Structure formats: structure tokens, C-alpha cells
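Respectively, the protein sequence lines represent chains A and B. Using our numbering, read the first sequence as starting at 13 and increasing by one per residue. Using our numbering, read the second sequence as starting at 1418 and increasing by one per residue.
Wrong hints could be hidden among the right ones.
Listed next, with one range per pair, are the computed distances between beta-carbon atoms [said to hold, decoys possible]:
hint, chain 1, residue 1, chain 2, residue 2, range
1, B, A1673, A, G193, 30 to 38 Å
2, B, Q1657, A, D164, 53 to 61 Å
3, B, G1618, A, F79, 30 to 38 Å
4, A, Q152, B, E1435, 36 to 44 Å
5, A, E71, B, G1618, 39 to 47 Å
6, A, A173, B, D1493, 55 to 63 Å
7, A, L201, B, D1726, 54 to 62 Å
8, B, E1664, A, R18, 38 to 46 Å
9, A, D174, B, A1702, 31 to 39 Å
10, A, H188, B, K1792, 53 to 61 Å
11, A, M61, B, I1660, 40 to 48 Å
Among the chain A residues that face chain B by a calculated CB cut under 8 Å, a handful are [unchecked claim]:
hint, residue
12, Q35
13, N97
14, S103
15, D179
16, E181
Examples of chain A residues lying across from chain B (beta carbon under 10 Å, computed) [said to hold, decoys possible]:
hint, residue
17, R96
18, E196
19, A209
Read the hints as simulated data drawn from the structure, not as lab findings. Note that the structure is predicted; figures quoted are calculated from it, not measured. Just so you know, even glycine gets a beta-carbon here, dropped at the ideal spot from N, CA and C.
These are the residues of each chain, in order.
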Amino acid sequence: MEKFVRHEGLVAPLDRANVDTDQIIPKQFLKSIKRTGFGPNLFDEWRYMDVGQPGQDNEVRPKNPDFVLNQPRYQGASVLLTRRNFGCGSSREHAPWALMDFGFRAIIAPSYADIFYNNCFKNGLLPIVLSEDNVEALFQAASEEGFRLTIDLDAQQVITADGLALDFEIDEFRKHCLLNGLDEIGLTLNAADEIRAYEQRRQEREPWVFQDH
Amino acid sequence: MAGKTLYDKLWDAHLVTEREDGSALIYIDRQIIHEVTSPQAFEGLRLAGRQPWRTSASVATIDHNVPTTPFKSAADITDETSRIQVQTLESNTKEFGITEFGIGDVRQGIVHVMAPEQGVVVPGMTVVCGDSHTSTNGALACLAHGIGTSEVEHVLATQTLVAKKMKNMRVQVNGDLGPGVTAKDVVLHIIGIIGTAGGTGYALEFAGSAIQSLSMEGRMTICNMAIEAGARAGMVAVDQTTIDYVEGRPFAPKGADWDKAVAYWRTLVSDADAVFDQDIQIDAADIKPQVSWGTSPEMVVPVDAMLPDPQAENDEVKRSGMQRAYEYMGLKPGMPVSDIKVDRVFIGSCTNSRIEDLRAAAQVAKGRRKADSVKQVLVVPGSGLVKKQAEAEGLDKVFVDAGFEWREPGCSMCLAMNPDRLEAGEHCASTSNRNFEGRQGNGGRTHLVSPAMAAAAAVAGHFVDVRDL
Ligand code: SF4
Chain A
13 MEKFVRHEGL
23 VAPLDRANVD
33 TDQIIPKQFL
43 KSIKRTGFGP
53 NLFDEWRYMD
63 VGQPGQDNEV
73 RPKNPDFVLN
83 QPRYQGASVL
93 LTRRNFGCGS
103 SREHAPWALM
113 DFGFRAIIAP
123 SYADIFYNNC
133 FKNGLLPIVL
143 SEDNVEALFQ
153 AASEEGFRLT
163 IDLDAQQVIT
173 ADGLALDFEI
183 DEFRKHCLLN
193 GLDEIGLTLN
203 AADEIRAYEQ
213 RRQEREPWVF
223 QDH
Chain B
1418 MAGKTLYDKL
1428 WDAHLVTERE
1438 DGSALIYIDR
1448 QIIHEVTSPQ
1458 AFEGLRLAGR
1468 QPWRTSASVA
1478 TIDHNVPTTP
1488 FKSAADITDE
1498 TSRIQVQTLE
1508 SNTKEFGITE
1518 FGIGDVRQGI
1528 VHVMAPEQGV
1538 VVPGMTVVCG
1548 DSHTSTNGAL
1558 ACLAHGIGTS
1568 EVEHVLATQT
1578 LVAKKMKNMR
1588 VQVNGDLGPG
1598 VTAKDVVLHI
1608 IGIIGTAGGT
1618 GYALEFAGSA
1628 IQSLSMEGRM
1638 TICNMAIEAG
1648 ARAGMVAVDQ
1658 TTIDYVEGRP
1668 FAPKGADWDK
1678 AVAYWRTLVS
1688 DADAVFDQDI
1698 QIDAADIKPQ
1708 VSWGTSPEMV
1718 VPVDAMLPDP
1728 QAENDEVKRS
1738 GMQRAYEYMG
1748 LKPGMPVSDI
1758 KVDRVFIGSC
1768 TNSRIEDLRA
1778 AAQVAKGRRK
1788 ADSVKQVLVV
1798 PGSGLVKKQA
1808 EAEGLDKVFV
1818 DAGFEWREPG
1828 CSMCLAMNPD
1838 RLEAGEHCAS
1848 TSNRNFEGRQ
1858 GNGGRTHLVS
1868 PAMAAAAAVA
1878 GHFVDVRDL
């Protein structure tokens, strides 16, 4: 997994609540058996005027000039600012894959759907929770062209160019894994003996769970 | 000390170890696998040179991509990318020694229909799948929830998940449901009240006399949509209905194991003195047949209502969401629900494709015909076994006589990854669970309803109150 320590980048504001995973990456793109290449189809239905299909040349497709990510001032954005309950809907990890592949490294919102939130951490994408008021203030600030933010994971702070620092909460274990880019499976396998001991206890109590078929 | 909730008991029974930071390793009894969210997980195993921890913990099937017109082998799937996913699952399950109900197997079907039907999932288990509607299995008093692909790989390799305990929430529905009011209406009504993020961070137990009076099929419909209320996991306590449902299923315990299992399963109820972080009471008598009008499952109204006015909404974020939804749906505030015309009807999905759902739809369709203005009515059973049962009961004939199309099992127009989909601007009465923009096809407009309400809309050409038929 990609490490996340400190990041500085351009902010793109997506002023919508309840953005669902079908919007983040429409289902026709889930047919890939790879983890990469989803970036050009991020927010496909909002970004392009035509209906997207896998395998198209996205460069030549008609773009929706009103959609925020198509505006010249947000090219190269790597921090997504958005509204409450971001990522609701399906469990597809293609959603964080698409956001990462597009170039986002962090998201800022008042809240996220549980499964999406969890999926972000597995991929080195940092979902930051700030209060509705702070998010609103950042939306105001982002109306200024070239608005950038620094994110310091170790200090758990979002920092503006004029030095205003907003604190955020994050789970210790997740922070540790992100800071060090750790492979969670490898970590868990360190507890293999405990897993085996647990299985033995369970097998006595509920043998049917372990039946072969 | 306060008693334990059902969720507390399931959590405690699966705890392998707890870390100092409050995260825990929980043991996963079953993983259900399908073609869309698993290829990258198997690839990850291969790259790291890892083997599955316990192959008997996993069962796979194909559902999201498969055509619902008859086909004999993967080679018959014309869409190349779909075919590759179906073939990739076949070769991955073979390579790693995992049971798959594949093409031509009567047990093949939507993951969340197949697993309880086979007894692959029984009470007291932890169940995961790379699919958010895994919550369906919670109807069997399981801790069941969706996971992402990295976690699919993690569970394959370690049989555990890194998790943090959720909070407890209970929704009690008390009293008797009125005639024509189904499990689907109950859950849509609940989501209308608590909202699509109301259950975020919670494990959600559905309880109360109205829930207990439901069949297992109905309970699955309700738990299926827990995720639409923001809760990863929904569940219902064990009672006689649960035990009767599980008995005799192919993978269920037998003989002495069965007696031992039943004795244990009977303890899988929340203690009388258990404390919930949130406890919501709903009167069953208040619930009417529901129709969703917008682009989020919380945008739902009773069939006899007018569409709501965004100006009456105080929350600014919600108000702008409603305005956007009206624009997308091509509808106007104040319009009666019965004025919404439908172009297509979809009866299926892991919410409503079990035998009872098909019976309810057939009861309405019997002796009637689809309105000429309705272009297509798809009826898609949840599994090969549901299809067989329906045909044995003659339901397929009822549907065909009514001008409906009787199809092969799969996810179909629930998410339109296969050829079944809406055209832009079309309104669909759908028994599925999500009415998001573009979910059933680019520009398509979904209205979530029960199977009986969907069949009634097919016959009338617009929404009608199934109680008036
Ligand atoms: S029927 Fe729909 S919701 Fe259910 S698993 Fe298939 S795509 Fe997902």
C-alpha cells in the first residue's frame, strides 16, 4: 500500500451530499479485472456528455464544461472537498481506486458511508472528517482560484496556506498503517497462532461451521 | 451489568484478539464470492504467493454479469468483459479449490439468495461478501456485511477481518401490518424516517411483533436494505421461524449437530435488559405501500401521497438534494404518486426475487395484462432453484399470460451490468434496492416498490394502490 505522511495539493470542491459509488464509478467500468485504469472514468456520468463504455478513447469524448473537475482551474487537484455521506451505496473498491487513479490523495467531508471509508484506508487514500462548519468554511475558501491545502497525517491536521490548522480524528491503527504503508494481511498473519487457537475453541462449540463440502 | 444485544453476542463469539488501540481481529465463518469484486483479490493472493486459509469457508457463484436469456457456457456471453469476469471466477475457484455454483448449476443465483437457500449461511455466523447487500443474511441472526476487495483478499488469506465494534441500534416495528403492506414497504418506511445515513456506524437489529410475524423471505428483504439506511449490518433474532427455515437445507447441520446447533441458536436474541445506543419505535399501523420518487431511498412516500415540497425542508443540503432529484426524475412537487407513469417494470434483485415475492407479484398479475404503454416487464428469479419452484407452481405461465417476460436468474436490471437496462428518461417500477442516478441504466429513473406494487403498476401503466385492486 502507498504511504501517506504529508501531502500538499490543489483542492477541488464537489458541492453535493450523498455522492454514491454508482456516481463515483459507474457499473459498466467494474468489469475490469485490474485495480488500475479507472481514473478517466471517475464521475463518468457527470464528466462526459455521452454514455461511457469500457475501452473507449476518453480523450475524444465530449466533456461537460460545467462539471467541476473539467474546469481548467482544478486541473491537477489532489484533495477532494465534498459534502456529507460521501461514498454511500455499494462496497465496490473501484470507487477509491478510481479516485486514486485520477490523482486524489485525500478527501475532506463531514461524513462518509462506512464501507467506502474503510476501503479508502486499504489503498492509501485518506478520508478526513471535519465538522459541517469547517467544511463549509473550506468551501468558501475554495471559491478563490488556486486554493491549496496541506495535510499532515502525523499531526492530524489540515493546514491552509495562511497557517490556519484544523484538527481531525483518526483511528490509531489505521494511521499507523498509512504512515508506514503496511500490508495488513502480513500484519494479521503475525497472529496466525491466535487464529488457529480460536478455530479450535470454536470447533468444539460449533463443529458444523467447519464442515467440508 | 446490562445484558447483551444480539450483535454483542455475535461479536463476542467471533473475537480472536483485541488490540490496545481498540481495533480487533474477528473470525469470519463464511465468505461468499462473486465475479465482480473478487478477481483483484485472487490476483493479490497469487502475487504474494499466499493460499486461502480455509477453502471450505468460501462458496462462489456468478450473478452480476450473467445474461438473463438462456446460455449454456461462458462462450455464449456476447459481452467480452462480462465473459472474462465469469471465466476468471471459474479459473480462480478451480485454482484455489473453492466451491462454485457456476453456469448450468441449478443452485446458481444472486449471492444473497443462494447462500441462505443452500444453508451455506446458518444462524450465529459471521458472513462477508464483496457486496454491500450481504446484510441480507442477517435475517438468520448472523453478523453479515459487505466488504471491499482488499478485505476479500484479507479474509481469503487469514479468515479474519480487522474490525472495530459498531454501536447498537434497534428498530422495533410493533402491531399488525395492514393488508397489502409488505416487508419492502416496512423497510422503505423505516429508511424514510431515519434517512440513508441514519444507521451509519451502527449494527441494526430489526425487532418487534410486526418483524416477528414476517417469513424469513420478508426478514431478508428488510435486512437487505439495512445498508440503504447506512448500516453495514442488519439482523433479526432467532425464533422458530428461523429454525424451521434452516432445517433440512443442504449445507445445514444434521443429526446430533443439528440438536446442538438449535440449542445454541436459541440464545441468539438480545437480552431483555440489553441497552441500545439508539432505540426507535414504529407503529406498524402507520405503514402504507411505499413508492420512492427521488434518487435516494430516503426520498420515499406512501402511494396515496403527493410528492413533497423541497421548500418545506429546513436542511439546506437536503433541500438542494431534493431539487436535484426532481430535475433528474422529471417530476414536480405536489404531484400525486398515481400520476407517475411507468415505462418498464423490474421484478427481481436480492431484495425481492425469492419465491414469496414472485407469488405476490403473480397474485396481482393473474388474469390481468400489462398496460400497452408499458414497454417491458421483466421477472427475474433470484436463483435457479427459485425459478424451478416458481415453474412448478405455474407462476411462469401467469406472468407470460400477463405479457411479462420470464427470465434466467441473476442481478439483471438491479444494476444493469448485463444487457437488461433502462433507456434515458424511462421510469421504472422496480423491486430492487437502489434508485441512484443511472443505477438501472444511464439516465434511467427508478421507483422502488414491493413486488405486488410493481405488478400493479405494470397492469395499470402508472402507480396504483395495490390495496384498491
Ligand atoms: S441484485 Fe442488485 S443489489 Fe443484489 S447483489 Fe445483485 S446487483 Fe447487488
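Can you give the numbers of the hints that this structure goes against, from lowest to highest? Those not satisfied are hints 1, 8, 9, 11, 15 and 16.
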